[in-house]
Amino acid sequence: MSNQVFEPNLFVFHNGETQIQYSIGRQSGVSELDYQTALLDRSNHFSGDEISIIAIAIGRLITVTLASDLAQQSEKILTLLLPIVYLPVGVMEYSIQAEVILTTRRLPQPRGWRRVEGQVETYQTRSLSGIARLVEF
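Using the UniProt record's numbering, you'd call the opening residue of the sequence shown number 1 and step up by one each time.
Because the hints were derived from the structure by calculation, they are not lab data.
None of the values given here were measured: they were computed from a predicted structure.
Do not take every clue at face value.
DMTMM-like mimics (lysine to aspartate or glutamate), calculated; alpha carbons at most 25 Å apart, straight line [unchecked claim]:
hint	residue 1	residue 2
1	Lys-76	Glu-50
2	Lys-76	Glu-136
3	Lys-76	Glu-93
Label-pair distances were calculated between CB atoms; the ranges are [as the list claims (entries may be wrong)]:
hint	residue 1	residue 2	range
4	Gly-118	Val-89	23 to 29 Å
5	Ala-67	Pro-88	38 to 44 Å
6	Ile-84	Gly-118	34 to 40 Å
7	Leu-107	Glu-50	17 to 23 Å
8	Pro-88	Phe-137	20 to 26 Å
9	Ser-68	Tyr-94	33 to 39 Å
10	Gln-119	Ile-53	24 to 30 Å
11	Glu-117	Gly-25	42 to 48 Å
All C-beta atoms in this analysis are idealised placements derived from N, C-alpha and C, irrespective of residue type, glycine included.
Taking the hints into account, I'd like the entire structure generated from these sequences.
Here you go:
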């Protein structure tokens, strides 16, 4: 009996109003992330260098910048806390849970570029349910 395990390369999450799909290697090893929420009338697609991936002790932080609004002096950042998942031999799909962090970062004023005073980032977190899959692209 083999103890071999495989890492999934496609993750699909939802919580009713939010859907996130993250894939590794769909196009020549390039990561892709699609984000859709009821608050937006369109999907956001990110790939390659638009995605920051940081391995940490409890998984990976997958981060993208959703929008920068100089008029509002803020930017919106989405971070997916993706758990480590290993698929046993013969199992191609596994139910998982993850957390998404929506960050609003205050930006300095355009004139003078002074440092922002006080708390710079605020956070909203959401739990997501989903599936981790091993697929061939």
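Could you work out which earlier hints the structure fails to respect and list their numbers in ascending sequence?
Failing hints, ascending: 2, 3 and 4.
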